[in-house]
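Asker: For reference, the chains in residue letters:
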Amino acid sequence: MFWDMVKLELYKILISKRLILVFVVLIIANGLVVYGEYDTREKFYVWQSSTIERLTKEINQLERIPNRFPPQNDNLAELRSELELIKEQKFHNNFTNAFQFATGFFEAGPKLYLALLIFLITGDLVSSEFARGTIRLVYSSATGRAKYFAAKVFSGGVYVSFLVTVSALIVLLVGGIGFGFGGWNQPVQGYPGLPGFNNLELLLLQAGLTAAALQVVMLMGIALSALFLNSVVSVVLSSAIVFGTTYAYAAKGFGRLFFKYVFWFHLSLIEHFKEGGLTFIPVLEAGDTPVNYPPVTLGFSAAILLAYAAVFAVVSFVAMAKRQAPA
Amino acid sequence: MELRIENVSKKYGQFWALRDVNLTLQRGIVGFLGPNGAGKTTLLRIVSTLLRPDSGRVSWCGLSIADYGLEFRRVLGYLPQGFGYYPNFTVTQFLMYIGALKEIDKRALKTIIPEVLAQVGLEDVPNKKMKALSGGMKQRVGIAQALLNNPQVLIVDEPSAGLDPEERMRFRNLLADLTGERIVLLSTHIVSDLEAAATEIVLIKQGLIVRQATPDELLAAAVGKVWLVNALKEEAEQLKQEYTLSSATRKGDLYQLRVICPEKPAPGGCVFTVFEQGRADRRLGGTVGRKVDRSRGETASIYLGVRYVLGHGEA
Chain A
1 MFWDMVKLEL YKILISKRLI LVFVVLIIAN GLVVYGEYDT REKFYVWQSS TIERLTKEIN
61 QLERIPNRFP PQNDNLAELR SELELIKEQK FHNNFTNAFQ FATGFFEAGP KLYLALLIFL
121 ITGDLVSSEF ARGTIRLVYS SATGRAKYFA AKVFSGGVYV SFLVTVSALI VLLVGGIGFG
181 FGGWNQPVQG YPGLPGFNNL ELLLLQAGLT AAALQVVMLM GIALSALFLN SVVSVVLSSA
241 IVFGTTYAYA AKGFGRLFFK YVFWFHLSLI EHFKEGGLTF IPVLEAGDTP VNYPPVTLGF
301 SAAILLAYAA VFAVVSFVAM AKRQAPA
Chain B
328 MELRIENVSK KYGQFWALRD VNLTLQRGIV GFLGPNGAGK TTLLRIVSTL LRPDSGRVSW
388 CGLSIADYGL EFRRVLGYLP QGFGYYPNFT VTQFLMYIGA LKEIDKRALK TIIPEVLAQV
448 GLEDVPNKKM KALSGGMKQR VGIAQALLNN PQVLIVDEPS AGLDPEERMR FRNLLADLTG
508 ERIVLLSTHI VSDLEAAATE IVLIKQGLIV RQATPDELLA AAVGKVWLVN ALKEEAEQLK
568 QEYTLSSATR KGDLYQLRVI CPEKPAPGGC VFTVFEQGRA DRRLGGTVGR KVDRSRGETA
628 SIYLGVRYVL GHGEA
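Chains as they are written, first to last, in our numbering: chain A, 1 to 327; chain B, 328 to 642.
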């Protein structure tokens with residue numbers, strides 16, 4: 001019966017209009033990144049060709065002068081060398097293939113729009129039952145509140161995994177169209193913790209770690225949904241917390257040291273495999289007292305995330321179970 | 328099979344929603360009648376385990392429903408007022424979901440759902456989306472979900488609210504068919520919803536049980552206490568203030584009122600002459616009164632009894 005309930009809860013998510021919005025956002029956002037990359041490349045080539053044209057013109061003009069003065073010769077030499085340099089310049093792609101594009105997406109995704117896309121769905125998960133009045137049928141049924149809550153959380157967890165999988169496929173597709181599908185078997189660069197890994201393996205690892213870390217975000221969405229019983233409020237508040245803490249970290253001075261330990265930073269678990277790992281070395285301003293932070297390991301990040309998950313789960317359950325069904 | 332409500336009270340802030348309610352309910356349809364805010368829904372929410380009483384207890388077959396825990400809900404079917412549904416679910420999907428909540432085996436549900444849909448006359452729309460159903464059809468789906476576990480206690484709260492007369496009549500007939508081996512608790516403020524089917528009627532007013540009686544007993548309560556009065560506007564206003572009225576219609580300058588009181592109505596203490604209905608004599612102040620005679624079929628509605636009991640607080 002539990003699995004039937006989970007299946008139907010998932011079905012509720014799958015047929016919701018918000019899910020279409022989620023996919024539209026994913027496709028548009030990734031499309032924009034690819035477009036941005038193309039646009040930058042295009043602008044570079046335009047700039048390169050116009051500069052080459054201008055330099056060539058100036059060189060030709062100087063070359064036509066029969067008896068050039070030494071400064072003119074110097075200028076000509078300078079222009080020639082500049083022309084060579086411009087000709088040699090190549091556009092440095094941020095992404096050379098779909099897999100690189102996808103790993104880039106998963107580095108930024110968890111703390112940015114993947115979190116938002118989770119809130120879009122979880123913000124409604126509990127509050128909609130109260131708003132529609134269906135909670136009265138739930139609370140008068142033989143299913144206990146704990147079991148019902150577990151079904152909600154489980155279906156939320158499956159949604160997160162589904163979202164990450166679909167995101168990976170969309171990103172690969174969009175990235176592949178933009179940059180080509182090759183390179184999946186190229187060795188990973190810049191991840192000393194992953195010796196011998198290729199791009200595809202890195203992507204799978206990233207997706208797995210992201211799906212695991214984002215379960216916390218899902219629980220937070222449910223907690224806020226249960227606390228405020230208003231999907232708009234919970235989506236806005238969740239997003240404010242995500243972006244607020246992320247930007248608060250970026251802002252100099254303001255609570256910087258504290259925000260290093262806020263869990264958003266730990267959502268990027270893949271960082272632990274990068275060169276240097278997930279380092280929390282504070283940028284000290286003049287007059288700051290140096291602080292020795294404990295080393296941050298993958299286990300430490302996982303413990304932080306688990307602690308948050310436990311808190312959010314308890315808050316969600318208490319908020320939902322203690323609340324009376326509306327009349 | 329007995330559902331007993333003992334000394335149940337519930338207070339919202341300073342407002343008593345229910346005060347010391349005592350009822351013993353047995354097989355059949357028990358109609359809860361009373362004006363809006365009388366406490367009907369609160370009482371049904373307590374029986375359906377959605378709400379805990381401040382004091383008192385509800386017991387099922389001798390044991391408190393609080394002691395049964397979730398087990399009591401296995402014998403419970405509940406259709407709340409304005410019940411919620413998932414608009415994009417089909418009727419079958421919705422019933423599957425409620426069935427899962429009621430912990431009914433999926434395979435069993437595949438047999439039960441067509442049965443309950445046939446029972447409520449919706450066998451032709453199992454794949455129709457909930458949002459595409461009419462108000463009456465949605466209410467019937469509501470009954471279907473309540474019947475999934477073949478409940479021994481079926482609670483139906485204001486089922487006919489918002490339905491057109493035809494749908495209301497269909498729904499009434501459906502409820503009459505559901506009695507069987509169960510206790511049906513039906514709350515309404517529309518007397519005609521109960522007339523055909525209720526085996527017992529409980530009148531509630533301001534959180535108190537005013538009377539628990541059979542429809543016949545309520546009918547009898549009104550006999551000889553209903554007066555048909557033709558009055559001019561001023562007298563009609565006075566009658567409205569001083570007496571309980573069951574109806575008022577206007578015919579030209581004259582108002583025809585059904586006044587419910589044990590004695591012949593005398594608005595403002597004025598003496599008036601009893602005339603046959605329709606012979607208003609304006610020279611005598613325009614007020615005439617005639618006792619409504621049950622033998623002429625004039626008290627065929629228990630509504631008059633209900634109005635009498637609620638208006639005069641007869642317990």
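Keep in mind the hints are simulated off the structure, nothing from the lab. Here the structure is a predicted model, which is why all the values come from computation and not from measurement. Virtual Cβ for every residue (Gly too), placed ideally from N, Cα, C. Treat the hints with caution; some may be incorrect.
[Said to hold, decoys possible] Simulated restraints, written as ranges between beta carbons of each label pair:
{"hint": "1", "chain 1": "A", "residue 1": "Q324", "chain 2": "B", "residue 2": "E329", "range": "44 to 54 Å"}
{"hint": "2", "chain 1": "B", "residue 1": "G462", "chain 2": "A", "residue 2": "F162", "range": "54 to 64 Å"}
{"hint": "3", "chain 1": "B", "residue 1": "K456", "chain 2": "A", "residue 2": "P192", "range": "27 to 37 Å"}
{"hint": "4", "chain 1": "B", "residue 1": "K455", "chain 2": "A", "residue 2": "Q324", "range": "28 to 38 Å"}
{"hint": "5", "chain 1": "A", "residue 1": "G244", "chain 2": "B", "residue 2": "E329", "range": "57 to 67 Å"}
{"hint": "6", "chain 1": "A", "residue 1": "L14", "chain 2": "B", "residue 2": "L390", "range": "39 to 49 Å"}
{"hint": "7", "chain 1": "A", "residue 1": "I20", "chain 2": "B", "residue 2": "K455", "range": "21 to 31 Å"}
[Unchecked claim] Some chain B residues close to chain A (C-beta under 7 Å, calculated; not the full set):
{"hint": "8", "residue": "N334"}
{"hint": "9", "residue": "P407"}
{"hint": "10", "residue": "E430"}
{"hint": "11", "residue": "A435"}
[Said to hold, decoys possible] Which chain A residues stay away from chain B? Per the calculated CB distances, all over 12 Å, these:
{"hint": "12", "residue": "M5"}
{"hint": "13", "residue": "K7"}
{"hint": "14", "residue": "V25"}
{"hint": "15", "residue": "I52"}
{"hint": "16", "residue": "F91"}
{"hint": "17", "residue": "S140"}
{"hint": "18", "residue": "P192"}
Asker: For every hint, state whether the structure bears it out.
Answerer: Status of the hints after comparison with the structure:
1. Hint check: Q324/A to E329/B, Cβ distance near 27 Å, so the stated range 44 to 54 Å is violated.
2. At about 36 Å, the CB distance of G462/B to F162/A disagrees with the hint of 54 to 64 Å.
3. In this structure the hint that K456/B and P192/A lie 27 to 37 Å apart at CB is violated, the actual value being about 55 Å.
4. Between K455/B and Q324/A the C-beta distance comes to about 32 Å, which sits within the given range of 28 to 38 Å.
5. A beta carbon spacing of about 58 Å between G244/A and E329/B agrees with the range 57 to 67 Å that was offered as a hint.
6. Against the hinted window of 39 to 49 Å, the Cβ-Cβ separation of L14/A and L390/B comes to about 42 Å, which satisfies the hint.
7. Against the hinted window of 21 to 31 Å, the Cβ-Cβ separation of I20/A and K455/B comes to about 22 Å, which satisfies the hint.
8. The beta carbon of N334/B comes no nearer than 22 Å to any beta carbon in chain A, farther than 7 Å, and the hint placing it at the interface is violated.
9. Below 7 Å, beta-carbon pairs count as interface contacts, and P407/B has one with chain A at about 4 Å; its hint therefore holds.
10. A cut of 7 Å between beta carbons decides the hint on E430/B: the least distance to chain A is about 5 Å, and the hint holds.
11. Interface restraint check: A435/B against chain A, minimum CB-CB distance 11 Å, threshold 7 Å, status violated.
12. A Cβ of chain B approaches the Cβ of M5/A within 12 Å, the least distance being about 4 Å, so the stated non-interface status is violated.
13. Residue-level check failed: K7/A sits 8 Å from the nearest beta carbon of chain B, not beyond 12 Å.
14. No beta-carbon of chain B comes within 12 Å of the beta-carbon of V25/A; the shortest separation is about 21 Å.
15. I52/A, annotated as away from the interface, keeps every beta carbon of chain B farther than 12 Å; the closest lies near 59 Å.
16. The Cβ of F91/A lies farther than 12 Å from every Cβ of chain B, with a closest approach of about 48 Å, so its non-interface assignment holds.
17. Not every C-beta of chain B lies more than 12 Å from that of S140/A, the closest at about 4 Å, which undercuts listing it as non-interface.
18. Look at P192/A: its CB is around 49 Å from the nearest CB on chain B, clear of 12 Å, so calling it non-interface holds up.
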